[in-house]
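**Student:** Sequence:
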Amino acid sequence: MLSAPELRERLRNAVMVADGAMGTVLQTRGIAQPYELLNVTSPELVELVHRSYAAAGASVIETHTFGANRVKLSAFALESRTSEINAAAVRVARRAAEGTGALVAGSIGPCGKALAPVGAIAPRLAEQAFREQAEALLTEGVDFLLLETFNDLDELRIAHAVARSLADVALVAQKVFIEDGDTLTAGLPARFAAEVGAWEGVAAVGANCAIGPQRMVEVVRQMAAATDTPVSAMPTPGLPQRVGAEVRYAVTPAYFGEIAPRLVAAGASLVGGCCGTGPEHIAAIARSLRSIAPRPRQTPPRSVLVVDREPAAEAPTQPLSAFRAKLGVQYVAAVELDIPRGLDVDRVLAGARALRAAGIDIIDISDGARARLRMAPVAVAHRVQTEAGIDVMMHFACRDRNLLAVQADLLAAHALGVRHILAVTGDPANIGDYPSATSVYDIDSIGLVRVLRRFNEGLDLAGNSIGSPTSFTIAAAFDPLAPDLADERDRLARKVQEGTHVVYTQPIFERAVLDVAVESAAREGVPLLFGLLPLRSARHCEFMHNEVPGIRIPERIRQRIAELSEEGARRYGIDEARELLAVARDSTAGVYLMPPFGNHRVAEAVLRGILPPKTP
Numbered sequence: 003m004l005s006a007p008e009l010r011e012r013l014r015n016a017v018m019v020a021d022g023a024m025g026t027v028l029q030t031r032g033i034a035q036p037y038e039l040l041n042v043t044s045p046e047l048v049e050l051v052h053r054s055y056a057a058a059g060a061s062v063i064e065t066h067t068f069g070a071n072r073v074k075l076s077a078f079a080l081e082s083r084t085s086e087i088n089a090a091a092v093r094v095a096r097r098a099a100e101g102t103g104a105l106v107a108g109s110i111g112p113c114g115k116a117l118a119p120v121g122a123i124a125p126r127l128a129e130q131a132f133r134e135q136a137e138a139l140l141t142e143g144v145d146f147l148l149l150e151t152f153n154d155l156d157e158l159r160i161a162h163a164v165a166r167s168l169a170d171v172a173l174v175a176q177k178v179f180i181e182d183g184d185t186l187t188a189g190l191p192a193r194f195a196a197e198v199g200a201w202e203g204v205a206a207v208g209a210n211c212a213i214g215p216q217r218m219v220e221v222v223r224q225m226a227a228a229t230d231t232p233v234s235a236m237p238t239p240g241l242p243q244r245v246g247a248e249v250r251y252a253v254t255p256a257y258f259g260e261i262a263p264r265l266v267a268a269g270a271s272l273v274g275g276c277c278g279t280g281p282e283h284i285a286a287i288a289r290s291l292r293s294i295a296p297r298p299r300q301t302p303p304r305s306v307l308v309v310d311r312e313p314a315a316e317a318p319t320q321p322l323s324a325f326r327a328k329l330g331v332q333y334v335a336a337v338e339l340d341i342p343r344g345l346d347v348d349r350v351l352a353g354a355r356a357l358r359a360a361g362i363d364i365i366d367i368s369d370g371a372r373a374r375l376r377m378a379p380v381a382v383a384h385r386v387q388t389e390a391g392i393d394v395m396m397h398f399a400c401r402d403r404n405l406l407a408v409q410a411d412l413l414a415a416h417a418l419g420v421r422h423i424l425a426v427t428g429d430p431a432n433i434g435d436y437p438s439a440t441s442v443y444d445i446d447s448i449g450l451v452r453v454l455r456r457f458n459e460g461l462d463l464a465g466n467s468i469g470s471p472t473s474f475t476i477a478a479a480f481d482p483l484a485p486d487l488a489d490e491r492d493r494l495a496r497k498v499q500e501g502t503h504v505v506y507t508q509p510i511f512e513r514a515v516l517d518v519a520v521e522s523a524a525r526e527g528v529p530l531l532f533g534l535l536p537l538r539s540a541r542h543c544e545f546m547h548n549e550v551p552g553i554r555i556p557e558r559i560r561q562r563i564a565e566l567s568e569e570g571a572r573r574y575g576i577d578e579a580r581e582l583l584a585v586a587r588d589s590t591a592g593v594y595l596m597p598p599f600g601n602h603r604v605a606e607a608v609l610r611g612i613l614p615p616k617t618p
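Positions in the sequence shown are counted from 1; adding 2 to them yields this note's numbering.
In short, the hints are calculated from the structure, not lab data. Take the hints with a grain of salt, since some may be wrong.
What the hints assert, rightly or not - Below, a list of computed lysine to any residue pairs in the SDA-like style, where the Cα atoms sit at most 25 Å apart:
id: 1; residue 1: Lys328; residue 2: Leu28
id: 2; residue 1: Lys328; residue 2: Gln300
id: 3; residue 1: Lys115; residue 2: Gly361
id: 4; residue 1: Lys115; residue 2: Asn153
id: 5; residue 1: Lys115; residue 2: Ala34
id: 6; residue 1: Lys115; residue 2: Ser467
id: 7; residue 1: Lys115; residue 2: Leu28
id: 8; residue 1: Lys115; residue 2: Ser438
id: 9; residue 1: Lys328; residue 2: Ser522
id: 10; residue 1: Lys115; residue 2: Leu127
id: 11; residue 1: Lys115; residue 2: Val518
id: 12; residue 1: Lys115; residue 2: Ala77
id: 13; residue 1: Lys115; residue 2: Asp156
id: 14; residue 1: Lys115; residue 2: Arg96
id: 15; residue 1: Lys115; residue 2: Asn466
id: 16; residue 1: Lys328; residue 2: Arg587
id: 17; residue 1: Lys115; residue 2: Arg496
id: 18; residue 1: Lys115; residue 2: Arg166
id: 19; residue 1: Lys328; residue 2: Leu127
id: 20; residue 1: Lys328; residue 2: Arg166
id: 21; residue 1: Lys115; residue 2: Asp492
id: 22; residue 1: Lys115; residue 2: Gln130
id: 23; residue 1: Lys328; residue 2: Arg159
id: 24; residue 1: Lys115; residue 2: Gln409
id: 25; residue 1: Lys328; residue 2: Asn466
id: 26; residue 1: Lys328; residue 2: Gly611
id: 27; residue 1: Lys115; residue 2: Ala89
All chains should be built: construct the whole structure from the sequences, respecting the hints.
**Tutor:** Structure follows, in structure tokens:
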């Protein structure tokens, strides 16, 4: 096992060649996932690939363990075999490297799912997964650990801390940088290298995957200018292309080899390949670097080493919206209007115009509530704002979008002038119009709040600049009737910590539940808009109370409404809503009214004469 100073010294004295992809080679041989299980079931096949890389000139052989953590292995019900797979992988790599002089690097990749609050993997679970994997690799005797293909710096930080807690082992830490000139212009590789290169035990800092050799040259150049720690580079052979069921790369091994000296000239002293590369690519690198020494390095100027950390606070580029400016200053009223099926939203526009005339502050537009097929809310929100002249709080569900689409759609919303987002996890698809549809849930509502906050800071989740900060008002939901109220309050606290500006509740029908919501919001210091739903009939009341989670209607209301005619029940529902609103005005920042079927006339009837006069 090498210490960081020992590996760092080797990399300063000679260029080392790492191997290439394992999965790519196995895929071309018709092998199906899970590839890592082959360490146990077909070790001779894995060893053959390792030997082909060693024969090609690789002086570093990576264990076949990039995806061998329990989170990734759980997709194949193999999490209980995590230690076994990793230990076997080291033994296989050791046999292949024997007699070649090649070092064996223990490969550790990310968990494969985003960390909370963006995703569902709690940091402690990631720590446990990294610890289990690293212990197996170190116990079997790797020469150093390679932390590769990390996108989230927080996750890399966890993996690094775990490794250092286990042994005084050298680490190579590599990040993914996207194929995007803006990333380079913003200096993200330099900032990454300056910070991570200073971490204890890091013998080299670098980049791998996602970008081809030419773009990797500039990434390496920026890194080398920001740290005196050795730099590694393991690009893909250009951009991938799907051909039938296969993913192919166009860059030839010859071209790959031609670029390798430029990587060394830019500052790299550990050069290899990633997805799409094979032994022929590594052979081309080894030939081209045979007589090339590492570029002499010196400590960068102090000013370069200063890491440009994320802004600590939101910095909107334009004035606050009328709604945002009123929060906590005037009592505000939000009314939800239902999006009908199909293309015709004239009724929504007519309702929005009437509500604006009645003094309502903002219109809420849901995002496929109860997993029903409806027009995307961004289109409706844009039309309401431009044609009815009133602000919109657009609900945004995590159900239908992966992490890429979440960010893309939010940027699109901002570009269309939508500035208010209610972050919701979203009802599962299996309860809606298309039960067989896939529910994505890359992130939940807490993660979505973080995405919005990062956009307000001018950054995406990967730390890349988006050009200028957005000016989103971030709303989040709170259920005062949640089965586990302590957990719901904890989630509210996390939403507020991530940047929530205002909280919405589920429909409330009684003072005791309202008090829970008020106290919970006050504890976090965030304005509260309490949910108010006027009941329209005994059947409506029965359905809401018995079949909709998060709603509890007092027995006295259920008994009374059951005794009334249809018209009497409608009037009674409005009267009850007005009474609760009168009580709530002094303790809440506003009301979130959900009239049945989006009937704006019901909303007007509830609010008439109750809300305080608006300041022009």
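**Student:** Does each hint fit the structure? Answer for all of them.
**Tutor:** Going through the hints against the structure:
1. The hinted pair formed by lysine 328 and leucine 28 fails the criterion: a straight-line CA distance of about 60 Å is larger than 25 Å.
2. Distance check on the hinted pair: lysine 328 and glutamine 300 sit about 55 Å apart at the alpha-carbon level, beyond 25 Å; violated.
3. A threshold of 25 Å between alpha carbons decides the hint, and for lysine 115 with glycine 361 the separation of about 45 Å lies outside it, so the pair is violated.
4. Straight-line distance between C-alpha atoms of lysine 115 and asparagine 153 comes to about 11 Å, which keeps the hinted pair within the 25 Å bound.
5. The straight-line distance between the Cα atoms of lysine 115 and alanine 34 is roughly 21 Å, inside the 25 Å bound, and the hint therefore holds.
6. A threshold of 25 Å between alpha carbons decides the hint, and for lysine 115 with serine 467 the separation of about 23 Å falls inside it, so the pair holds.
7. Of the pairs offered as hints, the one joining lysine 115 and leucine 28 holds, with about 24 Å between alpha carbons and a cut-off of 25 Å not exceeded.
8. A C-alpha spacing of about 23 Å is found between lysine 115 and serine 438, which places the hinted pair at or below 25 Å, so the restraint holds.
9. With a C-alpha separation of about 21 Å, the suggested pairing of lysine 328 with serine 522 holds against the 25 Å cut-off.
10. Between lysine 115 and leucine 127 the alpha-carbon distance is near 11 Å, which keeps this suggested pair within the 25 Å criterion.
11. Our distance criterion of 25 Å between C-alpha atoms is broken by lysine 115 and valine 518, whose separation comes to about 34 Å.
12. With a CA separation close to 11 Å, the supplied pair lysine 115 and alanine 77 stays within the 25 Å bound.
13. Note on lysine 115 and aspartate 156: the hinted pairing holds, with a Cα-Cα distance of about 13 Å set against a maximum of 25 Å.
14. This hinted pair does not check out: lysine 115 and arginine 96 have alpha carbons roughly 30 Å apart, beyond 25 Å.
15. For a cut-off of 25 Å, the pair hint linking lysine 115 to asparagine 466 stands: about 20 Å separates their Cα positions.
16. For the proposed pair lysine 328 and arginine 587, the alpha carbon gap of about 15 Å is at most 25 Å, so the pair holds.
17. Between the alpha carbons of lysine 115 and arginine 496 the distance comes to roughly 19 Å, so the proposed pair stays at or under 25 Å and holds.
18. Between lysine 115 and arginine 166, the direct Cα distance comes to roughly 23 Å. Compliance with the 25 Å bound is thereby established for this hinted pair.
19. Taken as a hint, the lysine 328 and leucine 127 pair is broken in the structure, with Cα atoms around 41 Å apart against an allowance of 25 Å.
20. Restraint check for lysine 328 and arginine 166: not satisfied, since their Cα atoms lie roughly 50 Å apart, outside the 25 Å limit.
21. Between the alpha carbons of lysine 115 and aspartate 492 the distance comes to roughly 22 Å, so the proposed pair stays at or under 25 Å and holds.
22. For the proposed pair lysine 115 and glutamine 130, the alpha carbon gap of about 14 Å is at most 25 Å, so the pair holds.
23. Under the criterion of a C-alpha separation no larger than 25 Å, the hint pairing lysine 328 with arginine 159 is inconsistent with the structure, at around 40 Å.
24. Under the criterion of a C-alpha separation no larger than 25 Å, the hint pairing lysine 115 with glutamine 409 is consistent with the structure, at around 17 Å.
25. The straight-line distance between the Cα atoms of lysine 328 and asparagine 466 is roughly 32 Å, outside the 25 Å bound, and the hint therefore fails.
26. Note on lysine 328 and glycine 611: the hinted pairing holds, with a Cα-Cα distance of about 19 Å set against a maximum of 25 Å.
27. For a cut-off of 25 Å, the pair hint linking lysine 115 to alanine 89 stands: about 23 Å separates their Cα positions.
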